[in-house]
Amino acid sequence: MSVGKVTFTKVEREKLAEVLWLLNWISVVTGAILLGMGLFLKMEIQKWQEVMSEQGVLYVPHMLITTGLAACGINFLGGKICLDCADTNKFLRWKLVMMPYVICTFFFTACILAGALMCYNIRSELEESLFLGLRYSMLYYKDTDTPGRCYLKRMLDLLQIHFQCCGNTGYKDWFQIQWISYRYLDLRSMAVVDRLRNNVEGKFLMDSVPFSCCSPLSPRPCIQQQLNRPLAHFNFDQQSQHLNLWRKGCRQALLDHYTIIMQSISLIVLLIWLFELLVLTGVRYLQTAMENVIRVGDPESESEGWILENSLAETARSNFNIIKNLGKCYQVDNDPNINVPAMIAEQEIHSEQVQVQRTS
Amino acid sequence: MVVMKMKFPFQKRVKLAQGLWLLSWCATVAGATTFTLGCLLKTELRRRAEVMDNTDIHVVPNTLMIVGLASLGINYFASKICQDALDAGRFPRWKNFLKPYFAVSCFFTVLMLLSVIMSYAMKGSLESSLKAGLRNGIRFYKDTDTPGRCFQKQNIDRLQMEFECCGNNDFRDWFEVQWISNRYLDFGSKEVKDRVKSNVDGRYLVDGVPFSCCNPRSPRPCIQYHLTNNSAHYNYDYLTEELNIYLRGCREALVHYYMGLMNTIGAGVLSIFILQGSVLVSLRFLQTAMEAVAGKENTEIETEGYLLEKGVKDTIMEYLDPVLKFFLLKNGGKVEEGAAADKPAAVP
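Which chain is which? The protein sequence lines are A and B, in order. FYI, in the numbering used here the residues of the first sequence are 1 to 360. FYI, in the numbering used here the residues of the second sequence are 1001 to 1348.
For reference, chain B alone in the conformation it holds in the complex (with noise of 0.2 Å):
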């Protein structure tokens, strides 16, 4: 059974030829807006690779970016194609390019609307990249003069000051982390001493945060040191305070922030897969109605075009053949002949 057949007089064959090239160059440049939507993606996760503990997330432009270069090459030929294919003469030397070119038009499109929904899927294993990425940032904060972590007090600052965000979660990741490294401390002081001894593990921890996490919304100075003791400074009560630092945590607000880009890239490049769909079901209809012409002494007939010539499920199957057989799973072949030959010497 035929799928989706339609009629193609004369004119209309002309007609969804020239409109298939004009579609064919509109959606050229769509697929360079595509690479150019994967670049642009790469660079600002590179940007902020260092508060990262995975590159899981970079298979989302990647994709992108081998779609948008495929994307240009299947509509470079398909506006070649249909140039052609008015001219009955030139038209059947792409006959045997047809198929293959279908099948990895079919494979890209499909991996393109792929990109899409695993820009959506992957929320969570950005959000765990980042959860790891962002507390190895701030426990190697204090370590400015550890080479490989020099630069991480210079970035998370950075980042806070950018993103307007304290922490990994909130600013109390602050608390539970020394921050302040110990070439900065006067351990002749006794309230240093105190601080260490009280602590489990002789670390140094305060109730402050970095001077990244001031807010400066706030009207009054940043207060920045023993921020949960309300008596060390005047009319000011910890629980109330909100304009004092900034509350939203990093990983939230990086989170947030490439969700909005992905989720704009998505919506773009899935308006693309519908222009690129809409070039291939255009470009297999006229060779479908041009193939009926071949061979015939009038080329103005009206002629059929179709989109699948079998059902779904046999084209599907007469496509992947090939394929599986190249790869050994179905010996069907070398099965039939043995069993042939057993036959004869098993008949006495």
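In isolation and in its complexed conformation, chain A is listed as follows (with noise of 0.2 Å):
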């Protein structure tokens, strides 16, 4: 009982062999759209790879990478394939391959599925990976005299211009790190000295902001110093407070910004699966139908094609019974027509005794 049994005439087949070298060819350009998409993630993360705390997050535009370049050589193959299924004499060159060809084409087509989950579900791994990395940023944003930290002032300036964005998940986190360094601090000073001495760890803290926090949208001068004061700056109200600096957290700033490019592309993945399983029943059903032509012996009858030659719960079990059987060769069964020769038989069982015995 076949799943999905239809007839073909030669016409039909000859059809359906133009028609999916036409689409293999199609899902060749997807396969490079599939490409370019992993790439542009690829760039779009590296540019801020220095606020993740761990590259994580790179498996995803990885495996873009990977299974684009793998859809461009399977569907190069495929429409090769496909353009000489549609004579019976070409099919022949292609017959050994073709059962390997589709269950190739089957895995990969699922490895699509799976790289369009893992777009859509990052969200949480990532958000705990830019909470980390910005944290540390800010922390070292003062040591831009050591090496492998200097570069971290400059990024995190950049980053919160570029995204509109304060601090981790607000601008007062600031307000517990120490982000002058020593070098720019008279410690001469009694104000100074004072601050350093009523914090417990003897850091510097202030109620101030770096100047890459000020927004252009406040209608007066950038207030970057004593935010918890108001009344330490003229007519500094409620208003003039909100616009004055970014409200937004950069966490939420780069999760927002990143979500949105792989929610598209987890969307444009998706689309792409599903013209690759088109594809897949497509030369699935040329093979079937083509393998029979060559099993009726006549190029010009009709012939069947079908996805699954019994239904799925025999293939499956067949399937498996051939898993199972992998390894074994030279079973001795008791099949009357196969001539076993006694020595040969008799070499078997001694070679089984002596395992049995190293084993025990």
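No lab work stands behind these hints: they were computed from the structure. From the three backbone atoms N, C-alpha and C, an ideal C-beta is built for every residue, glycine too. Be aware that one or more of the hints could be misleading.
Quick list of the computed label-pair ranges, beta carbon to beta carbon [as the list claims (entries may be wrong)]: (1) D207/A - R1203/B: 29 to 37 Å; (2) K80/A - K1012/B: 40 to 48 Å; (3) G1148/B - M206/A: 35 to 43 Å; (4) E1191/B - Q164/A: 53 to 61 Å; (5) D1053/B - R123/A: 47 to 55 Å; (6) I1301/B - E12/A: 40 to 48 Å; (7) G1148/B - I26/A: 50 to 58 Å; (8) Q164/A - R1217/B: 19 to 27 Å; (9) D194/A - T1228/B: 24 to 32 Å.
Please dock the two separately framed chains into a single complex, following the hints provided.
Written as structure tokens, this is what we have:
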């Protein structure tokens, strides 16, 4: 009881082969699109990778790039095969390759689906990575003289300007870390010494933010210092305070930026997956139809094509048996049609006994 | 005397027509490219229109757009003409069309070259426009409550951050302008009152710059105020500090940006000009070669093609005569009639 049985005349088979050839070439283009999207995502992540704590997120663009390259290769081969399948004689060349090709394409199509789902689910991992990465960057903001950290100030400033954000969750994160280096603090001044003494860990904490938190939308010149004391500034009312700095935290801003990119990419990858599935189904039908034509022997006759020869359960069972028996060759079974010479049979039993002795 | 005479056997004519057809389609694409480049340049200029005092520089992208559109038409007709050229029956219907066609095409091709020259020549005009525009922008920076000027602060801030520049000529322009509005100055404080009194015009001038002048590459937190006072900041020397704020002026930055853009576009348009010129020259040769065939029984004879029938000066006069007569600048005909009428009367 086959799954999805369809009868094909000779003309229909040829048309199917032509259509599949065209679809395979379109799939090569979509494979290139997949590759392009993977490269774009990799570039976007690498642009701001210093604010991500670990590079685990990079497996998503790598998956897309690999799948894209595989798509181009597999569909290029598929195009060649389908073009030859229109003619029974040429099909014989590809006969042995067809089945492995179909299985390969099936697994590869599953990889595309996995890639799409990965893109969609990356949000929580990314959030954690950004939280830790931003905290680390802000902690070492002041270390512009330490090798390995000297670029963090510039990168964080550019990030806050570009994404219109301030701090990790909000601008108050800057109040909890020392972002002014000791090199630029006059340690002889009483004000500085007092502030250092007041802090438990001897850090110079201020209620001020770097210039990159300033918003150009504010109607007044930017107020960066003494933010906890609005009365220290003339006419610094609620509305002024609201417009003065960027209110959004950089973690949220980056998360939004990457979520939009990844969601659009995953949507496109899902569409590509559906298209690949269609191509795979067509190739399977063509393969089975051509094999049946050869079995019947008459190239002009009608033949049947199907997705699975037997029902799903039977196919699964037979495949499972094949996998189970894969490693075992020269099985001595009691088939009267096989002429097993007595000596070989005895050697087989002897070697089994030796193995049993060794293991016990 | 004929200019650039060349012999054209039949096969060469055929090859010329085929090559010209292909070339004219390439030139059509090139014309569309010219139009697109003009649109691009105009968009870029309009993005910074708030810091430009006048729109004189817009003549460059406007010309490019006109020339692009015209060249689409010119090359479309060129391809149609060369398609009909080898057919002796269809070619004569283009006869009356070709003279004005060549006049118009030459005009627009020369205009293309002019636009490239203009893009280099108008650097001075752009610079003075930016100088005036930026001066106004900096002057009205504080007027965020005045309608018509309330966006100046935002524009100048974004400009300085994007182009990594400060002020008009350099950051010292901010020292000469009151960029902090009176609404945010506490006139009860002694410091403010002293500073305002010590200024002739009663303005509050500081040796400080807005936050948008700050350079993210600086190793230390940005110093915006008391820039000229070394003792106000620890370990700071005004004269040797290079990374704290942007040292380049915004006028220089913008001129550099726009000239770079126009140079790139100019190089592209120059190559398109050469392509367009070659299309017209080939079409002229094809036309003159085919005209010699007209009326003959054997269409496969060898003919001569030339660029201009008379000399360059004579040809220009031939084209300019109708134009001048139209504008009544040359009333040659009327003067002669009057003289002829007078003469018989004068003789008794």
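Structure-inconsistent hints, enumerated in ascending order | Of the numbered hints, 4 and 6 do not hold.
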